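Chains as they are written, first to last, in the numbering used here: chain A, 26 to 339; chain B, 53 to 303.
Treat the hints as calculated values from the structure; they're not laboratory data.
A few of these clues could be false.
[Unchecked claim] Under the rule of at most 25 Å between Cα atoms (straight-line distance), these lysine-lysine pairs were calculated in the DSS-like manner:
#1 A:LYS130 <-> B:LYS145
#2 B:LYS255 <-> B:LYS123
#3 A:LYS145 <-> A:LYS130
#4 A:LYS300 <-> A:LYS280
#5 A:LYS154 <-> B:LYS255
#6 A:LYS154 <-> A:LYS141
[Said to hold, decoys possible] Computed footprint of chain B on chain A; a stretch qualifies when at least three of its residues, placed anywhere within it, have a C-beta under 8 Å from a C-beta of chain B:
#7 71-77
#8 108-114
Quantities reported herein were computed from a predicted structural model and do not represent experimental measurements.
In this text, a Cβ means the ideal position worked out from N, Cα and C, and glycines have one as well.
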Amino acid sequence: MTAVRIEGLRKVFGTFQALDGLSLAVEGGTVFGYLGPNGAGKTTTIRILTGLAHATSGHAWVAGSEVTGHGQEIARQIGYLPEDPAFYPWMNPGEFLDYVGRVFKMTAAERSSRVKELVKLAGLEEAAKRRIGGFSRGMRQRLGLAQALFNRPQVLFLDEPASALDPAGRKEVFDFIEQLRGQCTVFMSTHILADVERVCDTVGIINRGKLVTAAPREALLAQFAIPAFEVEVDAQSAAILTPWSEALRHETWVKSVSLEGLVARVIVNDVEIAKRGLLASITQAGLILTRYEVVRPSLEDVFLQLVNQEEGQR
Amino acid sequence: MSILVAFRKEWLELIRSHRLLVVAVVLAFFGLTSPLAAKFIPEIITLTLGAEISKIIPTPTVLDAIAQYTKNMGQFGIILALLLTMGAIGQEKDKGTAAMILVKPLPRGAFLGAKFLSLTVMFAISLAIAGIGCYYYTLLLFEAMDSVHWMVLNLLLFVYVLVPVAITLLCSTITKSLAASGGIALGMIAIGGLLGTITGWGKYLPGELITWGARLMQGDTTSSWIAFGISGGIILISLFAAWLIFRRQEL
Numbered sequence: 026m027t028a029v030r031i032e033g034l035r036k037v038f039g040t041f042q043a044l045d046g047l048s049l050a051v052e053g054g055t056v057f058g059y060l061g062p063n064g065a066g067k068t069t070t071i072r073i074l075t076g077l078a079h080a081t082s083g084h085a086w087v088a089g090s091e092v093t094g095h096g097q098e099i100a101r102q103i104g105y106l107p108e109d110p111a112f113y114p115w116m117n118p119g120e121f122l123d124y125v126g127r128v129f130k131m132t133a134a135e136r137s138s139r140v141k142e143l144v145k146l147a148g149l150e151e152a153a154k155r156r157i158g159g160f161s162r163g164m165r166q167r168l169g170l171a172q173a174l175f176n177r178p179q180v181l182f183l184d185e186p187a188s189a190l191d192p193a194g195r196k197e198v199f200d201f202i203e204q205l206r207g208q209c210t211v212f213m214s215t216h217i218l219a220d221v222e223r224v225c226d227t228v229g230i231i232n233r234g235k236l237v238t239a240a241p242r243e244a245l246l247a248q249f250a251i252p253a254f255e256v257e258v259d260a261q262s263a264a265i266l267t268p269w270s271e272a273l274r275h276e277t278w279v280k281s282v283s284l285e286g287l288v289a290r291v292i293v294n295d296v297e298i299a300k301r302g303l304l305a306s307i308t309q310a311g312l313i314l315t316r317y318e319v320v321r322p323s324l325e326d327v328f329l330q331l332v333n334q335e336e337g338q339r
Numbered sequence: 053m054s055i056l057v058a059f060r061k062e063w064l065e066l067i068r069s070h071r072l073l074v075v076a077v078v079l080a081f082f083g084l085t086s087p088l089a090a091k092f093i094p095e096i097i098t099l100t101l102g103a104e105i106s107k108i109i110p111t112p113t114v115l116d117a118i119a120q121y122t123k124n125m126g127q128f129g130i131i132l133a134l135l136l137t138m139g140a141i142g143q144e145k146d147k148g149t150a151a152m153i154l155v156k157p158l159p160r161g162a163f164l165g166a167k168f169l170s171l172t173v174m175f176a177i178s179l180a181i182a183g184i185g186c187y188y189y190t191l192l193l194f195e196a197m198d199s200v201h202w203m204v205l206n207l208l209l210f211v212y213v214l215v216p217v218a219i220t221l222l223c224s225t226i227t228k229s230l231a232a233s234g235g236i237a238l239g240m241i242a243i244g245g246l247l248g249t250i251t252g253w254g255k256y257l258p259g260e261l262i263t264w265g266a267r268l269m270q271g272d273t274t275s276s277w278i279a280f281g282i283s284g285g286i287i288l289i290s291l292f293a294a295w296l297i298f299r300r301q302e303l
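Can you make the complete structure from the sequences, with help from the hints?
The structure is reproduced here in structure tokens:
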């Protein structure tokens, strides 16, 4: 089932085109990472999908309902955490969550148990009676996540959910998002590639208001995989590293060999043959290994490659 | 009902932020001091400037107390209405709380309506306290007033105060800036006042409600229903315009 579908979405602010015919589909139950450089159109997309902004043209559906004209219907199915969540400073977390429960027309008993559950989940039990006005950014972010989950949404929109958090806070948030996999669709925008790599199973890359690519994370990484190995040797083997690399260049399965200190980077034609041949060659040469690995592209490599390609085409 | 959910939050905010207390205390203070001022200011002037001056100062009557009260309530009612309403919608849009809540199934009309309703109830309570206080002190210092007419006067004052509340709410919907919404609303109210003075349309404008109330206290039952209707119309049109703008506004 498709949880979010976007077709030809355009958004123009004066002369600036924030979204330029964006089309995208997100499968239900996945954690979708919406990746792009600052100003790419990520927040604008989320604001249109949540009904906070209007598209200049195009269509979008969330949880089966078209965004335009079904605001209240969609509002019951979604949760939303903005980049910088804002609260009434005079309320305490329980009061704010209770207000959210009232907006969703929940009974007093339902609200009470959900408030307790979410205050605990957000780790705010000790601050339950404190005014939100005195909360740290991390506490507000966790409360923001709690309020977004209050109605057990089908689709959860998170706009840069961890951009302002410290490493411990980020881990907490992403562990939590991880738990949501399969329970609801998470549509998470970020410009931090490590966040996406950590938690998302599907990735969409947007640049200048256009979708550059969208694919399962592993498929994307495989598609952009570099057929390369890195071999790092002990200092005792430094003398034989250069003659070994010279000899290696003559192998038919080797494309190139580059040396940098005690590290040799070997680009190959066939990974499977290289896996066997390279180790045999190292043993034969008598190199003492400190590291041997098949180079795996990071999402950062993929992202930069795609965004640069896109920029080059302009 | 969604409006009651939003109203509950607004009302709680008026209490927690002490705005309700401030408005009630300010209006009650001027309600209580109006008959006191009417009674004792001539005496203070006489004591300060000598007995000769008392010959030209008329003896204060209950009508002076009423005039003082309507002047105070009219002026401070407008000031408080402006100050308390100018950030009502704009500040919530600017800080992001409107987006946090309106992304949920709370209709924008209910959000807007609750703001107006809570301010309406706050001014109703505050004016009631001021009215009771003034009535009691006038009774002590002068004589009993016609209680029905007194209630009608306060009802007219209440409608008069709701006009700037509605206009300022509209301005707060149009702009996020506190200063801009307050400035535009003040400008609109000032233009209305000038129009009444220059063109002679005053008898059809909200200011006439105070004159009508004061006339009533003097025993003159000439009504000003057109001014009442126009005041109600301004309130309704302002609220409707605010809703039309707000329902399509990007947050």
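Given the hinted pair LYS300 of chain A and LYS280 of chain A, is their alpha-carbon gap at most 25 Å? holds, 14 Å
Chain B covers the segment 108-114 of chain A, three or more CB atoms within 8 Å, holds or violated: Result for this restraint: holds, n = 5.
CA of LYS145 of chain A to CA of LYS130 of chain A, is that 25 Å or under? Roughly 22 Å separates the two Cα atoms, so the pair holds.
Against the 25 Å threshold, does the CA-CA distance of LYS154 of chain A and LYS141 of chain A hold or violate the hint? Within the cut-off at roughly 12 Å; holds.
Proximity test - 8 Å, beta-carbon atoms, the segment 71-77 of chain A to chain B, at least three hits: With 4 residues close enough to chain B, the hint holds.
For the pair we were handed, LYS255 of chain B and LYS123 of chain B, check the Cα-Cα distance against 25 Å. holds, 17 Å
Holds or violated: LYS154 of chain A to LYS255 of chain B, with C-alpha atoms at most 25 Å apart: Violated: LYS154 of chain A and LYS255 of chain B sit about 54 Å apart, past 25 Å.
Can the restraint linking LYS130 of chain A and LYS145 of chain B be considered satisfied, given a maximum Cα separation of 25 Å? OK: LYS130 of chain A and LYS145 of chain B at ~23 Å, within 25 Å.
When each numbered hint is compared with the structure, a violation occurs for hint 5 only.
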